[in-house]
Amino acid sequence: MRSRAPKPAPSPPWPAKPGLHPRNRHAGGYDFPQLVKISPDLAPFVVRAVHGGPSIDFADPAAVKALNRALLLQAYGIRGWELPPGYLCPPVPGRADYLHHLADLLAASNGSVIPRGPGVRVLDVGVGANVIYPLVGHGEYGWAFVGSDIDEAALASATRILAANPGLETAITLRRQPDRGAIFAGVLGSGERFDLTLCNPPFHGSLREAREGTQRKWRNLGRGTSTKPLLNFGGQGVELWCEGGEAGFARRMVAESRAFGTQVLWFTTLLSSSASLPAVHRALRQAGAQEIRTVPMAQGQKQSRFVAWTFLSPEAREAWQSGWEGL
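When we follow my numbering, the leftmost residue of the sequence shown carries the number 9, and every step to the right adds one.
I should point out that these hints are in silico values taken from the structure, not numbers from a laboratory.
Since the model is a prediction, treat every value here as computed from it, not as a measurement.
Hints are not guaranteed to be accurate.
Derived CB-CB ranges, DEER-like [claimed, not checked]:
hint : residue 1 : residue 2 : range
1    : G175      : L335      : 18 to 26 angstroms
2    : G85       : G308      : 35 to 43 angstroms
3    : A51       : G194      : 42 to 50 angstroms
Every residue, glycine too, gets a C-beta built ideally from N, C-alpha and C.
Take the sequences, apply the hints, and build the full model.
Put into structure tokens, the structure is as follows:
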């Protein structure tokens with residue numbers, strides 16, 4: 009009797025997320041049954057989407073928070089991830105992508121080997137109440153993090169999250185930036201070294217711009233208008249806008265980074281808009297950066313990128329990276 013070819017495994021009822029980094033745990037989409045099993049608080053928010061499978065209403069802040077809480081618990085075992093009302097609730101897959109691309113940046117000059125473990129030190133500029141980058145970066149690669157912020161309430165929230173997860177307080181250190189006009193000064197100690205800095209700068213140039221952006225997103229979601237200055241992922245003023253928007257913030261970061269050029273291997277910052285690139289690249293050339301890289305990222309239709317720069321010569325970088333041997 010002729011045997012039949014085995015039937016292919018059925019596709020999961022949740023759509024994949026094109027464009028995510030191949031190491032991203034969420035590139036295959038969200039396994040809602042498993043997420044609900046591990047985090048029952050998500051169950052009331054699960055609905056049937058147009059593709060026929062389970063999803064949530066991404067215009068509902070409570071649903072978004074419940075989903076990201078479940079993702080962090082499922083992927084990294086993070087418990088007690090609670091945020092104060094109104095603070096930014098980050099989409100975990102996109103934040104993880106930045107970290108995976110940063111790992112590739114380090115590996116590119118390390119024989120394609122990603123350095124892992126606490127010997128790799130990362131500074132998160134603007135760690136926020138959610139402390140998302142240190143949580144994911146330590147969970148994926150074991151890196152040690154310092155998270156800085158000007159907001160005392162945000163740092164208090166981040167402290168509570170770390171305290172709820174034994175062991176993280178030794179891997180992730182929080183520091184308050186005492187000067188609202190500074191980025192690295194007042195945070196980096198004399199002689200202290202970091203392999204990477206990362207930052208997700210405020211996008212808008214004013215509160216008015218932030219509100220107008222919210223209105224556009226509400227209309228795109230088919231929800232009409234809202235009087236609230238925040239959207240489904242929330243955000244305080246300092247998280248959403250600053251003078252000059254993201255390009256202005258990045259230029260200030262570039263200017264200040266020069267003074268710390270021997271203490272950091274790679275400075276990096278996200279840029280949501282490609283229109284910000286020319287001004288930032290010009291500032292980097294004027295500052296004397298030895299090498300500048302722009303790394304594209306994508307999540308579905310959303311396009312993003314980060315800019316990385318170093319003031320170290322190739323010889324100095326090689327000597328720096330020799331300390332990764334055995335990591």
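Now for the hints, and whether the structure bears them out:
For G175 and L335, the hinted distance range of 18 to 26 angstroms is satisfied, since their beta carbons lie about 19 angstroms from each other. The given range of 35 to 43 angstroms is broken by G85 and G308, whose C-beta atoms sit roughly 27 angstroms from each other. With their beta carbons about 45 angstroms apart, A51 and G194 fall inside the hinted range of 42 to 50 angstroms.
In the structure shown, a violation is registered for the earlier hint numbered 2 alone.
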